[in-house]
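Asks: Protein chains in written order, with our numbering: chain A, 360 to 497; chain B, 81 to 191.
Keep in mind that the hints were calculated from the coordinates and are not lab data.
Computed from a prediction, not measured in an experiment: that's the story for all the values here.
C-beta: ideal position from N, C-alpha, C; glycine also.
Some hints could be false.
Taking lysine to any residue and the SDA-like style, the derived pairs with C-alpha atoms no more than 20 Å apart in a straight line are [as the list claims (entries may be wrong)]:
1. B:146 with B:131
2. A:364 with A:484
3. A:395 with A:494
4. B:146 with B:179
5. A:395 with B:166
6. A:493 with B:93
7. B:165 with A:475
8. A:472 with B:146
9. A:472 with B:163
Negatives, chain A to chain B, calculated, CB over 12 Å [unchecked claim]:
10. 368
11. 375
12. 397
13. 454
14. 456
15. 485
According to the in silico footprint, chain B covers these stretches of chain A (three or more CB under 8 Å from chain B) [said to hold, decoys possible]:
16. 419–430
17. 436–450
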Amino acid sequence: MVSDKIQCGATVENLHLVTGFVEACADRSALETKKKFGLLVAVEEAFVNICTYAYPGGEGEVELACGGDSDTFVLEIADNGSPFDVLSLPAPDTALDIMEREIGGLGVCLIRKLTDDASYRRENGRNILRLVLKRDVK
Amino acid sequence: MEIHTQKEANATVVAITGRLDAVTAPEYEKAVNELIAGGEIAFVIDFGSLDYISSAGLRGLLVTAKQLKGKGGQVRCANVKGTVKEVFDISGFGTIFQMDDTVAAALANIS
Chain A
360 MVSDKIQCGA
370 TVENLHLVTG
380 FVEACADRSA
390 LETKKKFGLL
400 VAVEEAFVNI
410 CTYAYPGGEG
420 EVELACGGDS
430 DTFVLEIADN
440 GSPFDVLSLP
450 APDTALDIME
460 REIGGLGVCL
470 IRKLTDDASY
480 RRENGRNILR
490 LVLKRDVK
Chain B
81 MEIHTQKEAN
91 ATVVAITGRL
101 DAVTAPEYEK
111 AVNELIAGGE
121 IAFVIDFGSL
131 DYISSAGLRG
141 LLVTAKQLKG
151 KGGQVRCANV
161 KGTVKEVFDI
171 SGFGTIFQMD
181 DTVAAALANI
191 S
């Protein structure tokens, strides 16, 4: 897989660095605008989750790699935190009214629905979340 | 993100431009909280120039909406479209918030 990579500290202040990188990759590979916007939201959810939970009490790194082929755009987000599959979180109850509503779990829901495929693997001591977007068939 | 507020007869219109995300949501909450502290209890949030929203942005909306509800206030969302609308719909916010097509309609619906 041909890929572009970026590595940065897992802090929310780096969010725009990360989304800017992904947007540039998506533009270079001519991903459709609608898919790109969905991808950017999914990337934020995954990145912020890592910033919040992956490194309790310490600093850590996040690495993003974009790639793919003529049919798909693939993004992988990796961290060195404890084994954790963000996709294992339960979906929130989106039918509750405003006073009862909590936000936890909504990020995962957005990751799933705004990508065509999301999968997790643990590899070489790293958590890797793989997001796949299918290109529109011409 | 930029926030412009405009006091109308029966509500304050808060227009958000750019991105409402994990970095900018605290600024949004701060701006609305200051207006609430100043006594405003009716809001129309204008999403017409908002390009992007994430769950952190939705959280900001929810936090301020809950505060308002506790004070007997109200908030309506106007001009929610495109990707922002998709995120609202996926998360169920399109039904828990009161939505209007235009700011004028939202102001007319403030009770």
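Asks: Give a verdict on every hint.
Replies: These are the hints, each one checked on the structure:
no. : hint             : in the structure
1   : B:146 with B:131 : 24 Å, violated
2   : A:364 with A:484 : 19 Å, holds
3   : A:395 with A:494 : 10 Å, holds
4   : B:146 with B:179 : 16 Å, holds
5   : A:395 with B:166 : 13 Å, holds
6   : A:493 with B:93  : 39 Å, violated
7   : B:165 with A:475 : 19 Å, holds
8   : A:472 with B:146 : 26 Å, violated
9   : A:472 with B:163 : 12 Å, holds
10  : 368              : 14 Å, holds
11  : 375              : 6 Å, violated
12  : 397              : 7 Å, violated
13  : 454              : 6 Å, violated
14  : 456              : 6 Å, violated
15  : 485              : 22 Å, holds
16  : 419–430          : violated (count 0)
17  : 436–450          : violated (count 0)
In this structure, the hints that do not hold are numbers 1, 6, 8, 11, 12, 13, 14, 16 and 17, in rising order.
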